[in-house]
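With the sequences and hints as input, model every part of the structure.
2 protein chains.
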Amino acid sequence: MAVEADVEWLSADEQATWRAFNTVCRLIEGGLDRQLTKDSGMSHAHYATLVALSEAEGQRARMGDLAAFLQFSPSRMSHAVRRMERDGWVVRRSCVTDGRGQEAFLTPEGRRALEAAAPGHVAEVRRMVFDRLAPDQQHQLRSIASTLLDAIAE
Amino acid sequence: MAVEADVEWLSADEQATWRAFNTVCRLIEGGLDRQLTKDSGMSHAHYATLVALSEAEGQRARMGDLAAFLQFSPSRMSHAVRRMERDGWVVRRSCVTDGRGQEAFLTPEGRRALEAAAPGHVAEVRRMVFDRLAPDQQHQLRSIASTLLDAIAE
DNA sequence: GTGCAATATTTGAATGTTCAACATCGTAGG
DNA sequence: CCTACGATGTTGAACATTCAAATATTGCAC
Chain E
2 MAVEADVEWL
12 SADEQATWRA
22 FNTVCRLIEG
32 GLDRQLTKDS
42 GMSHAHYATL
52 VALSEAEGQR
62 ARMGDLAAFL
72 QFSPSRMSHA
82 VRRMERDGWV
92 VRRSCVTDGR
102 GQEAFLTPEG
112 RRALEAAAPG
122 HVAEVRRMVF
132 DRLAPDQQHQ
142 LRSIASTLLD
152 AIAE
Chain Y
2 MAVEADVEWL
12 SADEQATWRA
22 FNTVCRLIEG
32 GLDRQLTKDS
42 GMSHAHYATL
52 VALSEAEGQR
62 ARMGDLAAFL
72 QFSPSRMSHA
82 VRRMERDGWV
92 VRRSCVTDGR
102 GQEAFLTPEG
112 RRALEAAAPG
122 HVAEVRRMVF
132 DRLAPDQQHQ
142 LRSIASTLLD
152 AIAE
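First to last, the sequence lines map onto chains E and Y. Taking the numbering used here as reference, the numbering of the first sequence is continuous, increasing by one, and the terminal residue is 155. Taking the numbering used here as reference, the numbering of the second sequence is continuous, increasing by one, and the terminal residue is 155.
Copies of the same chain are indistinguishable here, so a pair counts whether it falls within one copy or spans any two.
Taking lysine to any residue and the SDA-like style, the derived pairs with C-alpha atoms no more than 25 Å apart in a straight line are:
1. K39 to L150
2. K39 to E125
3. K39 to A154
4. K39 to R27
5. K39 to D132
6. K39 to A53
7. K39 to E116
8. K39 to A118
9. K39 to A124
10. K39 to A152
11. K39 to E110
12. K39 to R128
13. K39 to D151
By construction, these hints were calculated from the structure, which means they are not laboratory data.
Laid out in structure tokens, this is it:
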């Protein structure tokens, strides 16, 4: 990218906001990953995948839908499911109605792993986020996150 | 999902907040990484490291201080600096006052890379975050992020 | 029907991240 | 002194993520 004639730098206030926000994102994600890895042997991405499948009709979903729901790249989704298949939490089957597609199914073992992991994970989310925020901050955070999400989704 | 006796699940409101927030974090980090990689050949972590060094006294810092400032693990910091040393943006030297320590120095080449990358990065941060938020949301976000940061820092 | 672009997913290589193990140095106590 | 312990960093292996390329199938234009 060529040097723009006029880049509007961040103000001191914006910079402080940005650094705090960015650091918080990293720390929270890291904390959740560490908790899940230590207590349940799965990454946060695997946990989110299990949750998505458990909520889906018939405990199964097309790879693409799963990726779209989780906002994962197709490649990331594919690698993640392959890994989880190795662990016995998921199986892949060719889609009947579309030969190109694959469907991921949650196995009973996967459901058990999810149910075992959920309480600790939820507690950690509470500990790191909701326990710290006043009710109005919680409401503000929801509004801010939704605003950004809509904007990014274009 | 099975209900555990003593875990307080997230309310529908909390769950919506949490999913939006978590997704936004992932998308923003991913977007910044992609922009920097494409336009400047560096990851967000490398960019942050260059910024930290450029702001440090004498354009250098102890590995540990750098890691603490960026909230990186020592290992991550070490790998990142090794990689950046290979790119000629940084050099490592043994610390004079403490034989255990290493200091990372920003090279002129590293400074040039940073200066070339900064405008595009700032523009992306604006595009993804500050352009979308009303002034009061911006203020709220700073307050929320600071609150969480303080809490996580214990 | 045939050919071809679009769609759905996977694969392999490069890079990044984490964890545990290791090496080295500083320092406080005996 | 010197010994043991804590602090500072690095390394290697396992795993995760991304990008580009490959594969397979569908749907459409003709």
